[in-house]
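Sequence positions in the sequence shown follow numbering that gives the first Met the number 0 and run 0 to 87.
Worth flagging that the hints you see were computed from the coordinates, not collected in a lab. Don't take each hint at face value.
[Said to hold, decoys possible] Here are the in silico distance ranges between beta carbons for each label pair:
| id | residue 1 | residue 2 | range |
| --- | --- | --- | --- |
| 1 | Ala50 | Ala27 | 11 to 21 angstroms |
| 2 | Arg35 | Ala55 | 18 to 28 angstroms |
| 3 | Leu32 | Gly78 | 18 to 28 angstroms |
| 4 | Val86 | Glu66 | 37 to 47 angstroms |
| 5 | Glu62 | Val86 | 21 to 31 angstroms |
| 6 | Arg79 | Ala44 | 27 to 37 angstroms |
| 7 | Gly61 | Gly83 | 11 to 21 angstroms |
| 8 | Gly43 | Val73 | 17 to 27 angstroms |
Idealized CB from N, CA, C, for every residue including glycine.
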Amino acid sequence: MRTPEALSCHDGDSSDRCRGGEPAEDAAPVVTLSMREAALGEPGASERLIAAVTDAVAGVLGESVRERVAVLLVGMPPGRSGVGGEVS
Numbered sequence: 000m001r002t003p004e005a006l007s008c009h010d011g012d013s014s015d016r017c018r019g020g021e022p023a024e025d026a027a028p029v030v031t032l033s034m035r036e037a038a039l040g041e042p043g044a045s046e047r048l049i050a051a052v053t054d055a056v057a058g059v060l061g062e063s064v065r066e067r068v069a070v071l072l073v074g075m076p077p078g079r080s081g082v083g084g085e086v087s
């Protein structure tokens with residue numbers, strides 16, 4: 000849920016939250032990984048994946064983007080994905 004602060008942008012407000020569709024000057028990579036939900040159930044799997052993907056992005060784009068890298072992990076429950084045309 001958005002906070003009231005995030006929803007209240009005024010004319011002349013130049014903060015990042017009010018920039019709309021304007022491109023940002025700094026890279027802010029977003030990486031989405033979709034996988035079977037069971038894979039994310041392994042102890043520490045989410046933490047290790049997020050750290051490894053962040054390291055990879057920073058290694059390619061430079062350390063200056065590290066703190067802005069967003070990693071989204073999407074777990075697909077059984078029956079909601081498929082391979083080769085077959086539900087798995």
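Evaluation of the provided hints:
For Ala50 paired with Ala27, a C-beta distance near 18 angstroms keeps the hint of 11 to 21 angstroms intact. The beta-carbon spacing between Arg35 and Ala55, approximately 21 angstroms, falls within the hinted interval of 18 to 28 angstroms. Range check, Leu32 to Gly78: about 20 angstroms between beta-carbon atoms, so the 18 to 28 angstroms window is met. Separated by about 40 angstroms at the C-beta atoms, Val86 and Glu66 satisfy the suggested range of 37 to 47 angstroms.
Checked against the given bound of 21 to 31 angstroms, the beta carbons of Glu62 and Val86, roughly 42 angstroms apart, lie outside it. Taking 27 to 37 angstroms as the suggested C-beta distance range, the pair Arg79 and Ala44 does not conform, at roughly 19 angstroms. Evaluation of the 11 to 21 angstroms hint for Gly61 and Gly83 yields a failure: the beta carbon distance comes to about 39 angstroms. Against the hinted window of 17 to 27 angstroms, the Cβ-Cβ separation of Gly43 and Val73 comes to about 18 angstroms, which satisfies the hint.
Taken one by one, the earlier hints fail for this structure at numbers 5, 6 and 7, listed in ascending order.
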